[in-house]
Amino acid sequence: MVALGAVAMVTLVLALAVGRPEPLPAALGLIAAAYVVLLVLDNPPLDGRAVVFGAVLITIGELSYLSVELRGSTPAEPGVVARRVGWIAMTGLGALGAGGVLLALADGLHTGGVAAEAIGVAAALGAVGLLVIAVRSTVRSTQGDA
Amino acid sequence: MTPFASPRLVPYVGLAALGLFAALALRRAELVIVATPFVLLVAAGLLGERRPAVHALLSVDHDRAVEGDEIKAVLDVRAESAVDLLEVHLVVPRGLELVDGDNPTGVHLGAGEERTLTLGLRCTRWGSITIGDIRLRARGRIGMLVWESRIPRPRRLRVYPRAELLQRLVAPLDTQPASGDLAARLRADGLEFADTRAFVAGDRVRSVNWRASARRGQLIVNERHPDRNADVVLFLDSFAEARDGQASDGTLERAVRAAATLAGRYLARRDRVGLVTFGGILRWLEPGAGIVQRYRLIDALLETGVEFSYAWKDVSVIPARTLPPRALVIAVTPLLDERSVLALLDLRARGYDLAVVEVSPEDLVAPGVGTDALAHRLWLLQRAALRARFEAAGVAVARWSDAAPLAAEIEGVRAFRRRARLSRR
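Chains A and B supply the protein sequences, listed in that same order. Under this note's numbering, the first residue of the first sequence is numbered 1, with each subsequent residue one higher. Under this note's numbering, the first residue of the second sequence is numbered 147, with each subsequent residue one higher.
In isolation and in its complexed conformation, chain B is listed as follows:
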């Protein structure tokens, strides 16, 4: 521990010295008597108090949590020698907030005494959070010196994004050969009824529709849609974000929440889900299925951050296997950076089935007054034009803001895609 002078040390030394020299100058013994308590107190404080030996350990009851969960951090402090006042401060990093207990707090420890301090913390933001920066300040009985130390006891805490309410998903235009929960467009063995046709050699007897055959006077068989899965690639735009102060959620927090929700729902439907984080740093995860893929995806999402970059990037930097043919690409983006906008239009031009979930930054920007209000209106018009550009390319855009749940916007995308399909036919 490193010693520092307390605020009393220098004034007391100064008062004592002044008193003693005044006593000499004025030839008054009384001033020596007045100065003596200060001299003795300072001398005892500097010579009599030893460096305290204090140990601190941190344990956290969970290493994984979901946004909004509360966790307990337990601090065990032990002093080898007596400490009159030990101030203990656990630095609470961004993403956590104190809900229970005193932090910092002061305790008195006798020699060899151990104390357990419990703090309740709430996870306010998803992310990979490192907690464990402990600051200690010890003070002896006289207190002319204070001893400070910083003890790193890092504990990694993974806070997963909370799930958004979502009832139905965007159905992909094409399915993959593997089995899943999605009725494919093609006709083969399956559960979902598709149509009837005349019996041909090779058809199985169990496929014969006996009622239709009796009506028509010839053998009629049922055709069915097979149950297949789909490849879904989540395209997360991390070039830029909009934020209204540090306290509230920015577009990135909500985008990650939406991406995690979509990933979980598609994986539950036995689809294969991949991830492309398109921003200053490109990250990707090839499509896969199952619970392991879910944790891979969420862990990848937790590392997402906005890294500023001037480098121009387009879809050519994305590994080909990350975007398999006939995959549904769902872009979660605030539509703030031209690079991601052009990359999405490029993907559409290459024939990918694309849907855009726009995490709207418009609520986070105040209109202002005068020319600011005019600029704000122009910006809104530009954004509307951008959305129209996507829709003209056959891409549904769900404009998700705080005003409506994600489920409502996804329904809008489903409706648009139904109309778009009809118009293409």
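Isolated chain A (complex conformation):
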């Protein structure tokens, strides 16, 4: 787990140092993998740190991509970067809130047996379905423009 985390940090620092976005997904994935390993090793009934971890992970991702974007050649007028940072902070807080709600739901349904399993599966499928719909609508609008 420590090794995974170290590799993730090195990858992240390298990506930020060279200003390229390509290594960032790998770095984020490695951080997530380190958390998965932690979960598997500790095996808690329900880990409350997941809320903070999810919010921190997306904040790291957003700030890293912002950092790489700012290396571009386009100088933005004053205030644009501050607005973006504020928006990222709001995203992190939103992630905390959403994670908290989900954690509460999971905690309530923890002893629900098959019904809770069904709700969990439906939620996962629903999230994937939401992604598919979003991507398809984007592809359709891109084809329409072309």
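Everything labelled a hint here was simulated from the structure, so no lab data went into it. Since the model is a prediction, treat every value here as computed from it, not as a measurement. For glycine and all other residues, C-beta sits at the position ideal for the given N, C-alpha and C. Just so you know, nobody snuck in bad clues.
The following label-pair restraints were derived from C-beta to C-beta distances:
| id | chain 1 | residue 1 | chain 2 | residue 2 | range |
| --- | --- | --- | --- | --- | --- |
| 1 | A | E22 | B | E453 | 43 to 49 Å |
| 2 | A | N43 | B | V237 | 57 to 63 Å |
| 3 | B | A257 | A | M1 | 44 to 50 Å |
| 4 | B | V515 | A | V85 | 54 to 60 Å |
| 5 | B | E216 | A | G72 | 23 to 29 Å |
| 6 | B | V237 | A | P44 | 54 to 60 Å |
| 7 | A | V121 | B | P239 | 57 to 63 Å |
| 8 | A | V10 | B | V511 | 51 to 57 Å |
| 9 | A | M9 | B | H208 | 52 to 58 Å |
| 10 | B | R296 | A | G48 | 46 to 52 Å |
| 11 | B | R197 | A | V121 | 31 to 37 Å |
| 12 | B | E216 | A | E22 | 38 to 44 Å |
Chain A residues, not near chain B, derived (Cβ > 12 Å throughout):
| id | residue |
| --- | --- |
| 13 | A3 |
| 14 | L4 |
| 15 | G5 |
| 16 | A6 |
| 17 | V7 |
| 18 | M9 |
| 19 | V10 |
| 20 | L14 |
| 21 | A17 |
| 22 | V18 |
Based on the hints, put chain B in the right spot on chain A.
Positioned in the frame of chain A, the structure of chain B alone reads:
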């Protein structure tokens, strides 16, 4: 505007999907909690942000300028809906360079907000330049998609060549019947004193030189040179050019500058000036005078470019009216292409009064080392032999390089023509 995925979209979708499937596989609700922010952000970015409507207009404060002048390009951008970051890039074409302002630049626009961006541009090369290719890239607040568009707002900008320093011009051997600022060789009514002779019936009394008459004891009259103009044809060789990279001036840029300078000076002297651009594409302008002719000439010069061609051309392709009899032909050429060299010698053989301004490419070619240096020396010798060939035909050659101003080389031509005339007598 055309949407494109931002660099974050695919990684976030992948992370969310991996997290959700890992949650199912490992039966851990915590991974759903970790993946949920990514799912929500991607979904909000794809479904919640609409195509931005952005308009852009370009205006330029001048449509004509001279090399070295600075112009202002004003970009007005307006957004119908809010755009978190709008990157605006005006493509600066060759011949212009940015001296003031940020290009590209990023601005934030609220709904219905309009912004004016001012860019200072310097004209670095003469020519007819089209400016107005505007590239826009808009990004919403979430930024999962970026929207790009290219807005053509073409504006034509004519950049005239800057004038070279020139004090005196090459005088033609013959003049034309129309009046001008040039003292003709023949004797008639005019201002310039030519000689005296004995009075004959029909001479005007005002022509009598009373002092000479008193000395000689008979009536003596003054003869004068009339003020006439000349026909000058600028022969611009555009078959080939030499250039040392894109940044510095090649022989064509300097040739056009020299031709424009000569045209302006001869027209100011009330001569008629014509133009023949002899190259892959033949262009011509019959001799004329006045300010309108000056603009015609410069506009024709601005269209000049080197067009590659294998076609053999000689002077027979030039319309006869473009080369009037007794015209002074001034060739501005790098003497690089055999076709133009032979055409010039052909013109001389046909009796045209010819002078050559050689826009020397020799400074643009590095000597190299070893066999390259030997080849360079041979090439220089060949060029010297070519110049000697022209001079043997009675054609003065001004070798114009960066080392000396055009005026100095034109003085050399004037000196050569004085000697050549004496030797012919």
